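A.B. asks: Each chain is listed here by its residues.
There are 2 protein chains.
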Amino acid sequence: MFEFQNVITFQDRAIDVLTIGELLIDLIAAEYDDALEDTAYYRFFGGSPANIAMNLRKLGINSQIAAAVGKDRLGDFLIQRLQSVGIEPDLIEKVSESTSMVLLNKSKSSPIPIFYRSADYQLTSTSKLEEAVRGSKILHFSCWPISMPPARQMIETMIEVAAQHHIRVGFDPNYHPMLWPKDDDGVAYVKSMVGKVDFVKPSDDDAERLFGKDKPMNQVEKFLELGAKLVILTMGKDGAIASNGSETVTFQTLATEVADTTGAGDAFWSGFYASLVKGNSVQESISLGFAVSAYKLRYTGAVVDLPSLETIKGMYSV
Amino acid sequence: MFEFQNVITFQDRAIDVLTIGELLIDLIAAEYDDALEDTAYYRFFGGSPANIAMNLRKLGINSQIAAAVGKDRLGDFLIQRLQSVGIEPDLIEKVSESTSMVLLNKSKSSPIPIFYRSADYQLTSTSKLEEAVRGSKILHFSCWPISMPPARQMIETMIEVAAQHHIRVGFDPNYHPMLWPKDDDGVAYVKSMVGKVDFVKPSDDDAERLFGKDKPMNQVEKFLELGAKLVILTMGKDGAIASNGSETVTFQTLATEVADTTGAGDAFWSGFYASLVKGNSVQESISLGFAVSAYKLRYTGAVVDLPSLETIKGMYSV
Chain A
1 MFEFQNVITF QDRAIDVLTI GELLIDLIAA EYDDALEDTA YYRFFGGSPA NIAMNLRKLG
61 INSQIAAAVG KDRLGDFLIQ RLQSVGIEPD LIEKVSESTS MVLLNKSKSS PIPIFYRSAD
121 YQLTSTSKLE EAVRGSKILH FSCWPISMPP ARQMIETMIE VAAQHHIRVG FDPNYHPMLW
181 PKDDDGVAYV KSMVGKVDFV KPSDDDAERL FGKDKPMNQV EKFLELGAKL VILTMGKDGA
241 IASNGSETVT FQTLATEVAD TTGAGDAFWS GFYASLVKGN SVQESISLGF AVSAYKLRYT
301 GAVVDLPSLE TIKGMYSV
Chain B
1 MFEFQNVITF QDRAIDVLTI GELLIDLIAA EYDDALEDTA YYRFFGGSPA NIAMNLRKLG
61 INSQIAAAVG KDRLGDFLIQ RLQSVGIEPD LIEKVSESTS MVLLNKSKSS PIPIFYRSAD
121 YQLTSTSKLE EAVRGSKILH FSCWPISMPP ARQMIETMIE VAAQHHIRVG FDPNYHPMLW
181 PKDDDGVAYV KSMVGKVDFV KPSDDDAERL FGKDKPMNQV EKFLELGAKL VILTMGKDGA
241 IASNGSETVT FQTLATEVAD TTGAGDAFWS GFYASLVKGN SVQESISLGF AVSAYKLRYT
301 GAVVDLPSLE TIKGMYSV
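Protein sequences, first through last, are from chains A and B. Last residue of the first sequence: number 318 in UniProt numbering, and the count goes up by one each step with no gaps. Last residue of the second sequence: number 318 in UniProt numbering, and the count goes up by one each step with no gaps.
No lab work stands behind these hints: they were computed from the structure. Treat each hint with caution, since some may be false.
Identical chains blur together in the list; that is why a pair holds if it fits in one copy or across any two.
EDC-like mimics (lysine to aspartate or glutamate), calculated; alpha carbons at most 20 Å apart, straight line [stated by the list, open to error]: (1) K106 <-> D76; (2) K71 <-> D183; (3) K182 <-> E93.
A quick note: this is a predicted structure, and the numbers were derived from the prediction, not measured.
For reference, chain A alone in the conformation it holds in the complex (with noise of 0.2 Å):
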């Protein structure tokens, strides 16, 4: 259990947080109106576990990432981004299928992604990886790996890898129906999913996508039913409930300006983690993470200069 007033204690391990999957392009439309011949696109780095890898070495936590990238220009761009943060890239494994990209219109709401994966859920288990696994505080992936093969068989070793050494679990419960295979019952894996991690953080459109439509409370009692044993749901400007099952609390949202909100979600994950790493409460934790993500929110793209979790902590007076 969960206690919101209680310290996660962790065992002595070289690495904080290690992040799997996806390490991959995201290319966003320059103009609104993407209708036109000559459209541009900026490439940037991108995916979920990537970004929180990053942002996590800005807050001063000592994270890592594993996943796998093409042997093209692509790939080689996201390895020389991980390391101008201090990231090596002993856990990313180039793979012969091309670097995956989302492609994204620029959007005042949310953009609508195309998606072209490829290397990403090439990922294997290796020995490599499962000693890296079990040379970590925190394990965290989202539903990108975990919805096709061989990267599927890799995260269920590395779960179990997990619990055998009292490693924490993160999930982020991101279901999409265009990451699925057509043929396979997403929505069921990822429920399957939610009991065998300790922290789950779906926003109100992963819990529609994964129950249909209902009041958050609820959404939160249908994590919490799968076995959930920290659930945090998100609900943009209003807010977040998280609940252990006994204890329920309701966050207001720090973000006073939002001129982008890529990346906010990851921004929320890693003061989360930074927090718990550094020893804070539970609940001091959840609200650093919606103080980085407030902080996030001001500036423009997926990875924005954070400035560390103290100065935060004292801006957003959480």
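Once you've looked at the hints, dock chain B against the given chain A.
C.D. replies: Chain B alone, transformed into the frame defined by chain A:
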């Protein structure tokens, strides 16, 4: 036997040239160095058979294209471009996979492509497509659809339909190992196709990928041995060699000014087919193919504005 001084006769059919296969997005880096964070890529209409269908309309020939695109903004954009030259998307299937893309760096020599194949090879045999093939004078395809199921079976079926109904078939043996599934012998499959069609136009690079390095005349011989009825081997600035097995003719390049080589091969096919359909001899049609190609080489882009075939014929004195 396609004698060089003879005219090829066609049945009276509604469609002059039906191209089948890749209709996709070319994403081309704005700068030669695409290592930087803020690299932009420009989006262009692309896919070799799509370029040929576009060119043919500009040359006043009734072309059609059968292809599969995604139900996404990129697919909509491609369809709009086809409609701009009068091609209605009757034979364009909108599938649940993403519209295929090729990402290219800007290069003064040959750019290195990164392939994102998804919708393009989902094209299947339908009675509507079969009817369109039966209603055509010429059928054209490249290595893209034959590299992957289900499009491969569709092409095999359409070649049979073409044979039964006296439709001439052109095949671009643009073999590239990146197009083929790793466990499939693409070279052997492409070779098996050569004898089933009427016209093949390998570049010297294509020939080298299929047969290894050799003298141009030897490469032509190898295509003839595989059963090719008319081989046109192009060698860039070194011109071309064409052979029907008993007659062999060499062609000098007509290009005087080279701004961009993208789409030069597609321009050849367009001029060649346009000329054949207009009742010119085989040799004159090959010359007109090189004239249209030379005209295209003066401008940037795969599909450029083309004057009438007669104007180009006059410009290059062929």
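A.B. asks: For every hint, state whether the structure bears it out.
C.D. replies: Structure-based check of each hint:
1. K106 <-> D76: between (25 Å within a copy, 17 Å between copies)
2. K71 <-> D183: Answer is between: at 18 Å across copies they meet the 20 Å cutoff, but 30 Å inside does not.
3. K182 <-> E93: Only across copies: K182 and E93 sit 18 Å apart there, 27 Å inside one copy, limit 20 Å.
Of the numbered hints given earlier, the model fails none.
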